[in-house]
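Construct the complete structure from the given sequences, taking the supplied hints into account.
So the protein lines, in turn, are chains C and S.
Quick note: the first sequence uses our numbering, first residue 1, plus one each step.
Quick note: the second sequence uses our numbering, first residue 1, plus one each step.
Calculated from the structure, these hints are not laboratory results.
No experiment lies behind these values; they were computed from the predicted model shown.
A hint or two may mislead.
Facing chain C, according to a computed beta carbon distance under 7 Å, are these residues of chain S, among others [claimed, not checked]:
{"id": "1", "residue": "Gly-142"}
{"id": "2", "residue": "Pro-144"}
{"id": "3", "residue": "Met-145"}
{"id": "4", "residue": "Arg-186"}
{"id": "5", "residue": "Val-223"}
Note that the Cβ used here is the ideal one computed from N, Cα and C, for glycine as well.
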Amino acid sequence: MTLLIKDKDIVVPGEILAKGMDHLPAQGTSRENENIIALQLGLANINGRLIKVIALSGKYVPKFGDMVIGKIINITFSSWIVDVGYAYEANLSMKEATSDFIERGADLSQYFDYGDIITTKIVNVNKQKAIDLTMKGPGLRKLKGGRIIQVTPSKVPRIIGKQGSMISIVKEATNCQIIVGQNGRVWIQGEDPKKVRLAEEAIRKIDKESHKDGLTDEISRSLKEKKK
Amino acid sequence: MKYTKRFDKRKFDQLREMEAKVGVVKRADGSALFRIGKTIAIAAVYGPRALHPSHLRNPEKGILRCNYNMMSFSGSGERIRPGPSRRSKEINLIIQKALLPVLDLSPFPNTVVDIFIELTQTDSGTRCAGITAAALALADSGLPMTDLVASVSVGTVGDKVVVDLTKEEEDFEGGATDIPVAITPRNGKITLLQLDGNITKEDLKKALELAKKTCKEIHTLQVKALKEKYGGDKK
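Shown next as structure tokens:
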């Protein structure tokens with residue numbers, strides 16, 4: 001019958017969030033008898049009857065449809081092996097990599113070589129978490145130059161913001177190209193190294209202070225100040 | 001033999017002074033420090049990550065691997081020689097079994113979660129401090145858990161039932177029994193109970209009640225430490 005927490009409270013695993021059957025458990029929570037308990041360290045989010053916990057930490061778990069930034073770590077007979085930041089590597093097959101006709105026995109490294117960084121999309125994750133990737137889709141390509149920083153994967157939605165509000169503020173203020181992968185890898189490229197540094201600092205700040213209120217305003221203010 | 005006053009002037013149901021901190025190891029996925037009296041445990045969690053040797057892989061869920069280590073300079077050096085031993089292997093196993101009931105690793109098949117527990121300074125109750133720190137580190141790493149785990153040692157010293165024994169009390173000449181207990185604080189379930197020594201049925205019941213009561217205090221501190229990492233409770 002009662003809600004024991006407020007919206008945006010920090011909750012810990014095992015904390016009772018609500019009693020009674022009036023509320024429903026969503027992501028990061030579970031029902032135990034009459035109670036709804038938190039399963040992760042994170043921020044409580046109350047949306048009508050739904051209660052969920054937005055995690056503040058945790059590793060990347062691959063999901064169908066995620067756009068991620070990966071690194072080619074191996075080439076086999078008919079595919080590329082890609083590191084996407086999960087415990088096991090992902091597979092990019094010849095068919096999904098390019099629409100070109102590849103002759104039998106051709107050197108695959110002319111398409112993607114060892115160490116190449118790509119933006120790619122997850123098309124399949126099976127029960128054992130074997131991941132299949134594709135390069136077919138808008139914006140999926142090899143990345144040249146720039147730098148990559150790693151942030152907490154669960155904070156990617158915060159970095160992007162509502163309809164991309166947060167990331168577009170950083171992009172506009174720093175004149176940088178930024179791509180945020182769902183696996184927490186952020187690629188930044190810009191002409192001016194100082195501005196790239198500024199963009200990196202801003203993203204690290206969002207990562208660190210994602211649980212605070214009014215962060216979008218604060219980021220835009222601090223970027224304006226530093227620009228002067 | 002009568003034990004009238006504790007060596008460190010505590011009450012019989014009083015814990016030693018405690019301290020908990022989360023996020024102490026920068027490169028780990030989750031980490032925590034827990035100090036109780038002179039015992040200090042630092043736990044670091046890595047993973048879920050690829051598991052080698054691969055025959056240990058479980059295609060249904062991830063596994064938990066614990067590594068308990070007393071650092072070479074820790075302890076008084078009288079009884080336990082620090083470092084890898086038969087004893088530490090046993091403790092690895094019991095820590096794993098104490099933590100697994102609250103941990104859900106089914107979303108991470110074929111992987112391993114590694115916990116490294118290092119004790120920089122020891123004055124008894126090391127496995128309990130280790131479990132308390134490890135539970136904090138696991139929560140910090142963002143793994144799904146149904147509860148935290150708080151752990152404390154209880155037992156008898158002479159004729160008294162006491163909580164949180166020190167090394168001095170364990171070596172009490174009138175006889176002492178040490179029982180490490182780990183409890184999930186929300187529903188009071190026991191995930192670890194070890195006993196070697198003599199204790200009467202009544203005393204054991206009393207000791208377990210005491211453990212449940214004091215684990216709540218440890219749990220309060222654990223919750224506070226976790227919330228403090230993100231600026232504390234707004235309430």
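Verification of the supplied hints:
no., hint, verdict
1, Gly-142, "holds (3 Å)"
2, Pro-144, "holds (4 Å)"
3, Met-145, "holds (4 Å)"
4, Arg-186, "holds (5 Å)"
5, Val-223, "holds (5 Å)"
When each numbered hint is compared with the structure, no violation occurs for any of them.
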